[in-house]
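Chain order of the listed sequences is A and B.
The working numbering applies: residue 1 is where the first sequence begins, and numbers increase by one.
The working numbering applies: residue 1 is where the second sequence begins, and numbers increase by one.
It should be emphasised that the hints constitute simulated quantities derived from the structure, not laboratory data.
Positions of the beta carbon are idealized from the N, C-alpha and C atoms, including for glycine.
Don't take every hint at face value.
Stated by the list, open to error - To spell it out: a stretch of chain A is covered by chain B in this simulated footprint if at least three of its residues, at any positions, have a beta carbon under 8 Å from a beta carbon of chain B; those stretches are: (1) 40-48; (2) 115-127.
Unchecked claim - Simulated restraints on C-beta separations: (3) A:156 to B:302: 19 to 29 Å; (4) A:149 to B:269: 36 to 46 Å; (5) A:129 to B:269: 36 to 46 Å; (6) B:325 to A:36: 15 to 25 Å.
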Amino acid sequence: MTSPIRVVIAEDSAILRDGLSQLLVDRGFAVTNAVSEPEALKDSVEHDCPDVAIIDIRMPPTFTDEGLRAAIALRRTHPDLGILLFSQYIETRYAAELLAEGAAGIGYLLKDRVADVSEFVDALTRVASGGTALDPEVVTQLLGASRRLGTISVLSAREKDVLSLMAEGRSNVAIANELVISEGTVEKHVASIFTKFDLPASQSDHRRVLAVLRFLDS
Amino acid sequence: MPSRESHEIRAPIRVRPSKMMIVVSDELEARFKAIAHQVFRTPFTKRTWSELCYLVLGSALAGVCLAFVIITMAAGAVLAITFFGLAIVGLSLRGARGIGGFQRRLARGLIEEQIDEPDPFLPRPGFLGWLQSVLKDRPAWRAAAYLAVKVPLAVVGVLTAISIWFDAFTCLITPLGGGYQPKEFGLARGLFPPGYLSIGSPGWIHGLAIFLTGVLLFFAAPWAVRLIVLADRQLMRGLLGPDVVAVRTRSLEHARAQTVDASAAVLRRIERDLHDGTQAQLVTLAMRLGLAKEKLADPAHLDLAQVSQLVNDAHRGAKEAIVELRDLARGIHPPALDVGLEGALATLAARSTMPTELSFSVEERPTPAIETIAYFCLAELLANVAQHAHASWATISCTQHGRWLRLVVRDDGIGGAQLSKLGSSSSGLVGLTDRVSAVDGHLEIVSPPHGPTVVTVDLPLHA
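With the rest of the complex left out, here is chain B (with noise of 0.2 Å):
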């Protein structure tokens, strides 16, 4: 019995190591394998030629582009004391643009290079409008930087590349023909002078050795023009590319629209809350006490309970209608809001149907337009928990992180609430995802099936 336990102690600690060795040696042996048969096969792809194709061909087109843009930027600018100079230097910058999508169709046609488009020009109307426009349209500016740092990239990465290959083929053919020395251009010349290997007589040596450095120029020349490549398709994404600035621009656009069409259909809903109840109410109460001062006017055919009735209708409408003016008020503004945030919040929280307990420590006062914000979220959450949740209680924490203000409502409903489907109405949650994000706030809902559910929102202290 001891022994065969020792037996099965020790086999796994001899085993293991021996392994484990044989592991690590397949892994590299296969990454070897994978390098090698990379290295073999890259010369062979049609990325390589493409790129090559792409070096040369973009290049000399660069070239061109960039002298259009230095001639028709130059004339402009001596021009410059005239209107006429202006113009030019607008022509040369909508060339310059052009010049940019052609660049970029260019990348993508030969080396899949995906840049994305920047923001459409969009000259203002008038020719001063558009004059004005195009002197400040970034992309194009950004496209004529591009050629300029180009151009110099690509006159040493076209030579290199030539010299590179030139060499390999030079290097690969010349000991064939019975040569002993790579002719004309290239490097290849000053690594093997005559004589280097062989004294006075270059062998076969030195034909064997030339004939190895082709071989390894001609594997290693696609590399050389894959990192040339790469410093461009760099240059393109920074430069080409709709620009950091531009996005952000456009995200902030985005959210002003978003913001703008939010306050509109909520003062369309103010108006119809007034034409369909309030004003309804005062017309009718108008109507009434119309018609009981023109019975009233007639003494002698007057029926008291029926005026009695509709003074009583009356007085009922106005008070129907100051109830509905109150709660439209607090809709615009929450008065609630201006004894402070947690008095806000804990009124909803003691308004809420379910037992709703929360917690709030926020040391520093959030600007109002977070404050409304936060109170309308957690407004619309609150009634969406009451709707659809069925759930038995739910807790609100209100906290500080520094310049956030993180609220946090769960409840342990059924769950599988979905950002499309939660908010009372059409103005609900996606209306207050909406306004969150105008503020750079985050909304995240996880809900689920079955329950709980955590809903988070982000808002900045400061708006």
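With the rest of the complex left out, here is chain A (with noise of 0.2 Å):
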């Protein structure tokens, strides 16, 4: 038996972040912290080297943005350290900064996908081991700000669907399960997205959702 992903959370609601560790050790996780503030995160993951790390956003002291600096911080020191950003609301512009660093082991959902617990334990499992996990709701942003809309419209119904798991961060296999469709299926789409767009094919996962989302983004 493998041994379980270890996790430290920092969350400043103290029901929120019981909730979380439960569910977590619920689902064979190892927390190894749960703290309320940056400071206390940064020492935790200085102290017990986790594989991945759950922050809120919004934290002491002033309550915007210090779970995205001190991430931004961590992924600096500690670059194999997966980063679970977790908030209540999307803000495509944390996003952006956030993958400014490469989209290896970075995720950026919203608080309500707890709700669905085995997606949220799958994102945050691929996040642990170096993928990627954007919500859907940034992609739907970064789909709907994008000044290539002349290049999206040109994609099938089906392309657009794929196209959206992939920038939020899923395998083909994920693909293919979520959409019912075979794994060749999903390939064939892939790659014709990437020949309409006119980008490079790419093996790793995590490096074809940075190629979409820049390519949205630009």
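The two chains are supplied separately, each in an independent frame; assemble them into the complex guided by the hints.
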């Protein structure tokens, strides 16, 4: 049996912090620490070397974007640490800032997503193992605000579904399960999207996310 | 014994009137001396000469400035059919504003008259914006009006001042030089025609009269100048300072800014309360239910006790969220106010932690905004009494005085309350003072050390 994924939680709401710890332990994670502010998070990461950190964006002292600042700082000092930002609302600028230094081991989810426990656990596992998990809301906002609407409109409806899931950081297998199609069909759609966007095909999931996001954001 | 008594009684009666007379004459003498001293000293003070200097210099400059304004205005008016004309009028008004500033500096420098600056000129962007702003620039129009009134005053003033001073010196010098007749300019020549006092041959009496007139004029001249300058001072205070409308506007703008800030702060607080409280509760609730749902979907490994615990926790969380939401909603608008101010204040008094008595006599119902402010004032004041005053009782009185609502909160606590230290939170009493002053109300705290503390809030009935 593989050792459990080690998680540190930084969330200032005590109710949510406790609930989240319970859920993760129930799902076989090891919660190394649950803290309520950025400094304690930093110490905890130094001390326990967790695999992944779940970080609330709004934390003391100013309750604005302390979590994001802490995440970016941790990214520099601990490049191997997976970071899952956790927030009540999605701010595309935060996603862009976080993804500026690569998409490997990065997640950004609405807090509501914990209601679908399995999907949440899935996203956390992906981030912990160096993948990407972006909230569908982030992808929707990016697609909506993209100046490449002309290019996006040449995609078929199915290809758009695949694009959204790909931008969330899902693997081909996950996309195939979600859309109830074969893996081969997914591969075909992905190849078609990359051709239409004139992007070099990329094997690794998180490189693929970044390529798509950069394309949408540019 | 009787004789001594009578002596004791009589003595003060006799002494007092004479003492009083002495005192009165002393006072009179002192006052007379002071006046005489001032009259004799005045021609030799700096103020006298700087006022004369201001009168002559300021008047000459005012004349030049008025000419500039009139000529440019006239040119603008002639060209007003074209766009160019309005621009010239605009430039003329900018000039008038500048002149106003120059006049203020001159007055400050020479006669120590401190006139506050009017509001700065803040044109709206773009040429059209500038033109509209400058044509509606009240300080500029008022400066132009000042020049228009000042110049006639200055003509009369300068002529009077020069003639009096000239006469004073002529009358003083003429007899000394052996002449009997003031020469040239001024009133003195009219006063003293040849042979007025000594028919045929003007003699030494005539000369002496002229000299004494000179002395009189010499001491009177500063006061004439002072009177003219006083008129100018009044004119400047009226037209070159910030006008009443502008001062009122500024205080209203200040109040509006505070109100906007305060309501933004309230919204931020509500958002934070929702974010930290209710939203977190609901997310946790959804998470527990989600976990329970997934467990129930897998009957093979079902642990009923575990699921039951999850549902219990979720149930408790839902109830807590309901309470939090209710408290939050009450903080936004107290439902008690829908019943009326008396009922709402009575609810607050009843909820207070110490015995609290309310007396209420308001015939006319205030507007909702005033009721809300009165309600939150009382809530904050009572919270403050409960937290800091160590009081055993409090009384509240809410009364109507004409168009005003007066709310008075007294307690028998330790006193020493200060505005800066009051308030249960940052949005506490200081915030309330802002809200009270935003509707032109007043908040007053009387709180000596060892108490009692009396806080009086006056609010207009209709905001």
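Here's how the hints hold up against the structure:
no., hint, in the structure
1, 40-48, "violated (count 0)"
2, 115-127, "holds (count 4)"
3, A:156 to B:302: 19 to 29 Å, "violated (43 Å)"
4, A:149 to B:269: 36 to 46 Å, "holds (39 Å)"
5, A:129 to B:269: 36 to 46 Å, "holds (41 Å)"
6, B:325 to A:36: 15 to 25 Å, "holds (23 Å)"
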